[in-house]
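A.B. asks: So you can see what is in the structure, the chains are spelled out below.
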Amino acid sequence: MRLATSAILVASLLGLAACARHFVVERGAVAEMKDPAWHVEREPIPAAAKTNE
Amino acid sequence: MRLPLSSPLLALAVLSGCAFTDGRLTLPDKVSSVSAAGGLGRTVVIVAPFADVRAHPNRCGMQKNGYNMDTADAICDRDPAEWIATVLARQLTAAGFHVVATSSEADAASLQVQGELVQFFVEPVIGFWTGSLEADLAVRLVAESADGLLAERRFFAKGVRGGQLFSVRGAYQLALERATDEIVSEMVLAILELADKYQGAVSDATSH
Chain E
8 MRLATSAILV
18 ASLLGLAACA
28 RHFVVERGAV
38 AEMKDPAWHV
48 EREPIPAAAK
58 TNE
Chain C
9 MRLPLSSPLL
19 ALAVLSGCAF
29 TDGRLTLPDK
39 VSSVSAAGGL
49 GRTVVIVAPF
59 ADVRAHPNRC
69 GMQKNGYNMD
79 TADAICDRDP
89 AEWIATVLAR
99 QLTAAGFHVV
109 ATSSEADAAS
119 LQVQGELVQF
129 FVEPVIGFWT
139 GSLEADLAVR
149 LVAESADGLL
159 AERRFFAKGV
169 RGGQLFSVRG
179 AYQLALERAT
189 DEIVSEMVLA
199 ILELADKYQG
209 AVSDATSH
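Here the protein sequences come in this chain order: E and C.
Heads up: the first sequence begins at 8 in this note's numbering, then just goes up one per residue.
Heads up: the second sequence begins at 9 in this note's numbering, then just goes up one per residue.
It should be emphasised that the hints constitute simulated quantities derived from the structure, not laboratory data.
For each residue, glycine too, the CB sits at the ideal point set by N, CA and C.
It is possible that some hints are incorrect.
Claimed, not checked - Derived lysine-lysine pairs resembling BS3-like cross-links, with alpha carbons at most 25 Å apart:
#1 C:K205 to E:K41
#2 C:K166 to C:K72
#3 C:K38 to C:K166
#4 C:K166 to E:K41
#5 E:K41 to C:K38
Unchecked claim - Simulated DEER-style distance windows between Cβ atoms:
#6 C:D30 to E:L20: 33 to 39 Å
#7 E:P53 to C:G49: 17 to 23 Å
#8 C:F136 to E:P53: 35 to 41 Å
#9 E:P43 to C:A109: 26 to 32 Å
#10 C:P65 to E:E48: 25 to 31 Å
#11 E:L21 to C:L158: 47 to 53 Å
#12 C:V55 to E:L20: 47 to 53 Å
#13 C:A116 to E:E39: 31 to 37 Å
#14 E:A44 to C:V55: 34 to 40 Å
#15 C:D87 to E:P53: 35 to 41 Å
#16 E:E39 to C:G46: 26 to 32 Å
#17 E:A14 to C:R32: 38 to 44 Å
#18 E:E39 to C:E113: 35 to 41 Å
In isolation and in its complexed conformation, chain E is listed as follows (with noise of 0.2 Å):
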């Protein structure tokens, strides 16, 4: 009977390793997927910069 306790305690202990485990990895792999603002390669030309080209 002690025998059992200690196997569903340890096999709980262990799942819930897992999904902490699961939960970091996925929070890392969910920042890493999007972009925390715009990256903006090109600014637009003011329109009085363009009339005086």
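Place chain C on chain E using the hints.
C.D. replies: Positioned in the frame of chain E, the structure of chain C alone reads:
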């Protein structure tokens, strides 16, 4: 009565929650959580459909058995690249933008937004005791304007429906709706930010 030899196999398949037929995903038309405002009638061109650059464009997700094995596909009820562009256009309109389909209707400062659907995948993730349904959506937007702006940004959202003993259709839908809400909300706010910075806070609406 003698049971056929295949009975134990059939029972095993049923008890392990196997799905051998493809499931259908209904792409949501509405986004519930987007409440952004501030478009001020400014014109935004949404070039639809977005390009579909998914690694697996022939399916929108997978079904698994209790042993984490891929047993069947989840199929979208329509083209997801067209759908995401349509939903984004609808939410930009709700946020106060004047959304058009072609640049001939826009002025020099108007944003022209093109997109790529990079990922669309809904799948069960089998946990130790229970599982969850996870929907991953990724979109890359490129915004340009006739006066020279060029900007790009990647968006990603994960919608999770946890605590699932069985991967039922409703859980697929809920995970997908959560991911859709998040990614569309982020895209609308990002376009608002770009418009405020480069299109000016003053409305073009006076000209419409």
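A.B. asks: If a hint holds in the structure, say so; if it does not, say that too.
C.D. replies: Now for the hints, and whether the structure bears them out:
Taking the CA atoms of C:K205 and E:K41, the gap is about 21 Å. The hint holds against a cut of 25 Å. Restraint check for C:K166 and C:K72: satisfied, since their Cα atoms lie roughly 19 Å apart, inside the 25 Å limit. Between C:K38 and C:K166 the alpha-carbon distance is near 18 Å, which keeps this suggested pair within the 25 Å criterion. For the hint linking C:K166 to E:K41, the alpha-carbon distance of about 11 Å falls within 25 Å, and the restraint holds.
With a CA separation close to 23 Å, the supplied pair E:K41 and C:K38 stays within the 25 Å bound. Under the hint 33 to 39 Å, the C-beta atoms of C:D30 and E:L20, about 38 Å apart, fit the expected range. Range check, E:P53 to C:G49: about 22 Å between beta-carbon atoms, so the 17 to 23 Å window is met. In this structure the hint that C:F136 and E:P53 lie 35 to 41 Å apart at CB is violated, the actual value being about 59 Å.
For E:P43 paired with C:A109, a C-beta distance near 30 Å keeps the hint of 26 to 32 Å intact. Between C:P65 and E:E48 the beta carbon distance is about 27 Å. The supplied range of 25 to 31 Å therefore holds. A hinted range of 47 to 53 Å holds for the C-beta pair E:L21 and C:L158, which are about 50 Å apart. In this structure the hint that C:V55 and E:L20 lie 47 to 53 Å apart at CB holds, the actual value being about 52 Å.
Between C:A116 and E:E39 the C-beta distance comes to about 36 Å, which sits within the given range of 31 to 37 Å. Checked against the hint of 34 to 40 Å, the pair E:A44 and C:V55 fails, with Cβ atoms roughly 22 Å apart. Checked against the given bound of 35 to 41 Å, the beta carbons of C:D87 and E:P53, roughly 39 Å apart, stay inside it. Take E:E39 and C:G46: their Cβ atoms lie about 29 Å apart, and the range 26 to 32 Å holds.
Evaluation of the 38 to 44 Å hint for E:A14 and C:R32 yields a pass: the beta carbon distance comes to about 41 Å. In this structure the supplied range 35 to 41 Å holds for E:E39 paired with C:E113, their Cβ-Cβ distance being about 37 Å.
Going through the hint list in order, the structure does not satisfy hints 8, 14.
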